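A.B. asks: Please assemble the complex out of the two chains, which come individually in their own frames, going by the hints.
Chains A and B, in that order, give the protein sequences. Under full-length UniProt numbering, the first sequence has 40 at position 40, and the numbering climbs by one with no breaks. Under full-length UniProt numbering, the second sequence has 36 at position 36, and the numbering climbs by one with no breaks.
For the record, the hints were derived by calculation from the structure and aren't laboratory data. Treat the hints with caution; some may be incorrect.
Keeping only pairs whose Cα atoms sit at most 16 Å apart, straight-line, the calculated EDC-like set for lysine to aspartate or glutamate is [claimed, not checked]:
{"hint": "1", "chain 1": "B", "residue 1": "Lys-91", "chain 2": "A", "residue 2": "Glu-32"}
{"hint": "2", "chain 1": "A", "residue 1": "Lys-90", "chain 2": "A", "residue 2": "Asp-112"}
{"hint": "3", "chain 1": "B", "residue 1": "Lys-150", "chain 2": "B", "residue 2": "Asp-70"}
{"hint": "4", "chain 1": "B", "residue 1": "Lys-91", "chain 2": "B", "residue 2": "Asp-143"}
{"hint": "5", "chain 1": "B", "residue 1": "Lys-130", "chain 2": "A", "residue 2": "Glu-106"}
{"hint": "6", "chain 1": "B", "residue 1": "Lys-130", "chain 2": "B", "residue 2": "Asp-100"}
Note that the structure is predicted; figures quoted are calculated from it, not measured.
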Amino acid sequence: MSLGIEILISALLVIGGSFGLIGSLGLLKLPEPMQRLHAPTKATTVGVGASLIAAALTLAWQTGEASWQSVMIAVFLFLTSPLSGLMLAKAHRHLSRPAVPPTGTEAPWAGDTPPKA
Amino acid sequence: MRHLFPHPMLSATLLLAWLLLAGSLSLNSVLMAAMLAMLIPLLTRAYWPNRPQIRHPLRMVSYLALVLWDVIIANIQVARIILFMPAAQIKSAWITVPVDLPCPEALTLLAGTITLTPGTLTAEFSADNKALLIHALHAPDPDATRDEIKSRYESRLQRIFR
Numbered sequence: 001m002s003l004g005i006e007i008l009i010s011a012l013l014v015i016g017g018s019f020g021l022i023g024s025l026g027l028l029k030l031p032e033p034m035q036r037l038h039a040p041t042k043a044t045t046v047g048v049g050a051s052l053i054a055a056a057l058t059l060a061w062q063t064g065e066a067s068w069q070s071v072m073i074a075v076f077l078f079l080t081s082p083l084s085g086l087m088l089a090k091a092h093r094h095l096s097r098p099a100v101p102p103t104g105t106e107a108p109w110a111g112d113t114p115p116k117a
Numbered sequence: 001m002r003h004l005f006p007h008p009m010l011s012a013t014l015l016l017a018w019l020l021l022a023g024s025l026s027l028n029s030v031l032m033a034a035m036l037a038m039l040i041p042l043l044t045r046a047y048w049p050n051r052p053q054i055r056h057p058l059r060m061v062s063y064l065a066l067v068l069w070d071v072i073i074a075n076i077q078v079a080r081i082i083l084f085m086p087a088a089q090i091k092s093a094w095i096t097v098p099v100d101l102p103c104p105e106a107l108t109l110l111a112g113t114i115t116l117t118p119g120t121l122t123a124e125f126s127a128d129n130k131a132l133l134i135h136a137l138h139a140p141d142p143d144a145t146r147d148e149i150k151s152r153y154e155s156r157l158q159r160i161f162r
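So that you can see chain B by itself, here it is in the shape it has in the complex (with noise of 0.2 Å):
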């Protein structure tokens, strides 16, 4: 099986992708489904040796959806910005985040969420993949922005992945 299967989850994430993306459980878009769900693990296999454990499903819906709800807000705000703050105002910084998450995945995400919510944007990562360089739009005080980060995502997803 773990021959056959290297990443389940992808599989299955595959397999539902391409169901909702066909919008019908005809037998043509299933065995496509299935057939998809095989293959590109197998051929990405090289690329992704080891497999993300995630330690808590229901931790991980409830970050998903406070990482929306945040989405929403950093709209909101970087729209003020755009259309209120003179250009002379805004003070963008450099931000070095250091990080320490067990495994690449969880890495990424923090990455993807961090481009995703308030004003901050992910711009690069050290070679040793412990620490992030994020961009801020507009931050008088990067400390706190750094902080707010650790404490609201990054303890999050330690928790969530092992």
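Chain A on its own, in the form it takes in the complex (with noise of 0.2 Å):
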């Protein structure tokens, strides 16, 4: 394997590790509920974006074959992230009852009863 390779394999998997550990951080330090939900949603998907990348470029060097199921996995990262944090947000607000601004349209936000008519 040559060295510049190298490197950059070596520089993808510290930039994942960073990332995943500042994510990591972040449930510690941040005080609110919802602020915690930031740190994962977010600093954790460069976290592994970079480290598939990182296991993708390895093994395209080693076996000279692409490895599409790196890209799969990051793929579906994209596409469960939000959904996964959507659901705490709601589960947050079933329990803990935060104040929220008002929707501006005529229905209310999905999850909240209606007004009695």
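C.D. replies: Structure representation (structure tokens):
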């Protein structure tokens, strides 16, 4: 394996690890539940993404074949992390009922009981 | 045809996804992929009556590239807030974003984009799909955040979907 590729892969691994660590740090440090939700939905997507690119590059270099599985893992991650974030936010709104602004339309927020007519 | 393949785009995506996951073009995986591509749209048809209309597939590609770039920027921003900003200085805010998008698929895409990009997170939809409730990690100026979402993402999606 040539030195250039090795440096690139190592850099990606370090970036991935750092963002994973920062995401976990955010979980520890941020005071409010909704703030803590930001750390895992964002800081970790680049973390996992960089690690996956590193894995794909290593495989491609060693075997000469593109590793589509790592690309698919990244795609699924991008599809699922907004949804799990949305579900956690909904659960939080049901449990601790934070004050939120009105919708600005005639309908209430989905999940809130509509006012009795 | 319409009866057998209610969602041709979904079928094509499933076929491609399965072949990429299997990592081979052997008869086994092609048959399995074809079976899934036929069965899953048929079984889920009841929950997905309308077919999304994508007017500009190329614009879709450039939109995804833009989002991918913004995701990287978002991560660096959130990382800086987590690392260097004292917890007391972080100004979180709930923001209502009025939206005007033609189909649920476009709305889902916008909601996902908001969650993945700078410091914002979709928390709820309004019951009539005309507004999104988002939570911003650090938004000293909530109105500016709302306007940026509308001009940067919503206007592009309006042009992509009919």
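A.B. asks: State for each hint whether it applies.
C.D. replies: Each hint tested on the structure:
1. B/Lys-91 x A/Glu-32: holds (11 Å)
2. A/Lys-90 x A/Asp-112: holds (10 Å)
3. B/Lys-150 x B/Asp-70: Measuring from Cα to Cα gives roughly 15 Å; hence the hint holds.
4. B/Lys-91 x B/Asp-143: Judged against 16 Å, a Cα distance of about 14 Å means the pair holds.
5. B/Lys-130 x A/Glu-106: holds (9 Å)
6. B/Lys-130 x B/Asp-100: holds (6 Å)
The structure fails none of the hints (numbered hints given earlier).
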